[in-house]
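Heads up: the protein sequence lines correspond to chains A and B, in order. Position 287 (the first sequence) corresponds to 287 in the working numbering; numbering is contiguous. Position 193 (the second sequence) corresponds to 193 in the working numbering; numbering is contiguous.
Everything labelled a hint here was simulated from the structure, so no lab data went into it. Take the hints with a grain of salt, since some may be wrong.
No copy is singled out in the list; a pair is fine if it fits within one copy or between any two copies.
As the list claims (entries may be wrong) - Derived lysine-lysine pairs resembling DSS-like cross-links, with alpha carbons at most 27 Å apart:
(1) Lys252 / Lys41
(2) Lys246 / Lys263
(3) Lys42 / Lys169
(4) Lys265 / Lys41
(5) Lys41 / Lys169
(6) Lys252 / Lys42
Protein chains: 2
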Amino acid sequence: MSATPPANLALNALLSDKVQIVNETIERLLAEQTQAQADLKKTLAYTLSAPGKRIRAVLLLWCCELIAGRDNAEALTAAAAIEMVHAYSLVHDDLPAMDDDDLRRGRPTCHVAFDEATAILTGDALLTLAFEILACSIADATRAVKLIAELARAAGPAGMLAGQVADLKAENTVGTVEALEYIHTNKTAKMFRAATVIGGLCGGANAEQSDALARYGLKIGLGFQIADDILDVCASSEQLGKTAGKDEQAAKCTYPAVVGIEKSKELERALAHDAIDALHIFDQKADNLRQLARALLEREK
Amino acid sequence: MSATPPANLALNALLSDKVQIVNETIERLLAEQTQAQADLKKTLAYTLSAPGKRIRAVLLLWCCELIAGRDNAEALTAAAAIEMVHAYSLVHDDLPAMDDDDLRRGRPTCHVAFDEATAILTGDALLTLAFEILACSIADATRAVKLIAELARAAGPAGMLAGQVADLKAENTVGTVEALEYIHTNKTAKMFRAATVIGGLCGGANAEQSDALARYGLKIGLGFQIADDILDVCASSEQLGKTAGKDEQAAKCTYPAVVGIEKSKELERALAHDAIDALHIFDQKADNLRQLARALLEREK
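With the rest of the complex left out, here is chain A (with noise of 0.2 Å):
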């Protein structure tokens, strides 16, 4: 069994150039903790070594590179964080209280595998030890404050967790753009721009440089959602890893329920073009960015 779904062949050909080394520096990373609890050790890695795409760690680190011409150790223990929080995220969000899904990455979700306790447990502990990582693992402590407010920001009640809320929120209402806005913007795209932003930071962006990799990583989070409801829509279990047509099952709040397929993929074309705007300020090293955003648009081909 593959673990890349076919339709992400050309966004994850784009990706794995950095996907090894963020895998391993979250194996490393993981090793370190050899006073955690045994248990969570296991589900700890058995969540964490599910075959992800790594977009906002590979994103943080392209950033980096953008900026100061070469990732560097801070990077790499900010994007090992990030791939620890967004984890959680979808540990917490699999539960059965949540959107109660058994399949991701191609694995049972971590409820399924071991139990909906431990992967309560496995989620906090996701998050609290990108916290610890961020505050242990960076030299510059001026620094770590700065990316710990930026994922904290991000993920908090006023990012991710706002996202998250009004999702289920909107699940059986009639949708409106303007709430799925606020959804994709909170539940995705904050995310996406603390990976870019953090990556900036890292690699010692100045403001300007900063605002546009900001805007690209809003425009490129919120066109990944929008790629992602489509998806749900038109491709299989098998090819996505998780479980397909689960939003409309859900009667969750989408693009694709909103404002039809067709408006939806004029709405991604949007965005990429948005994102790849974002980045008028910088040359040829940010082609990888303006690829990863035509790739995006291939996603559901």
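Starting from the structure of chain A, add chain B where the hints point.
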């Protein structure tokens, strides 16, 4: 209905010194979350306004005061953060998949007052917010990073979460004193130690002072957990503000269950004395910490 369980009179009288300023700080920090999603703001306020003892926060402030002569803005922020982490642990611990509790601090638990998904996300928000306020509200970056590292380690997979997993695992097994020590040290005592150490750090403690506060925090935390387990057996739900007799019903691994009530009280007395011993480098300025150790022993009378 009194919010103060009678069994805790001596303890609450002692803590009341600082409870108001802790509550005001929490309210202020919540009010500053103007961008937080509206429903989450309500559930955060519901959870954080429940009449808790604020023992971790008060300990933190006292330890800062002991070192620096007074508490300060950093200690108040950290006190609010540690109460947020404690509140998150209760919200998740009360979930149906965990301890399945309906009553907490004399009020319906979060998943009863709202719903399970909301309780999971509210817990997540409390944890994230704790790190956000430490990263955003502590002026000195070096200190902020130390506090975040200390709190994350105490709350994470080698701390409180380790204790939670071990606690769930020990249900319906023949408990051993060794297993109990692991559970109590991790589930409870490490967060007490974080409170005393963080308080000391906010006051500018040197290594010797910090070590003494760490030892005191660990011992008082262990004593507090044993006292809690004894109360669960001996007090009524009305006295506790949470469901009494839950431990036995859930076949929890507790000191009363493993070594009996008398031996448990003996251990508690020894821990209170150890805690007081740890303070020998401090003069009468540490008397409130000493009184707290003694008040613990009064709880189950």
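Right, here's what the structure says about each hint:
Taking the shortest alpha-carbon separations for lysine 252 and lysine 41, only the inter-copy value of 23 Å comes in at or below 27 Å, while the best intra-copy value is 34 Å. For a Cα distance limit of 27 Å, the shortest separation of lysine 246 from lysine 263 inside one copy, 20 Å, qualifies, whereas the shortest one across copies, 55 Å, does not. Taking CA atoms no more than 27 Å apart as the test, lysine 42 paired with lysine 169 passes between copies only; the shortest distance there is 14 Å, against 33 Å inside one copy. For a Cα distance limit of 27 Å, the shortest separation of lysine 265 from lysine 41 qualifies neither inside one copy, at 41 Å, nor across copies, at 34 Å.
For the identical chains of this complex, lysine 41 and lysine 169 are inter-copy neighbours only, at 15 Å across copies versus 34 Å inside a copy, given an alpha-carbon limit of 27 Å. Proximity of lysine 252 and lysine 42 under a CA criterion of 27 Å is satisfied inter-copy only: 23 Å between copies versus 33 Å inside one chain copy.
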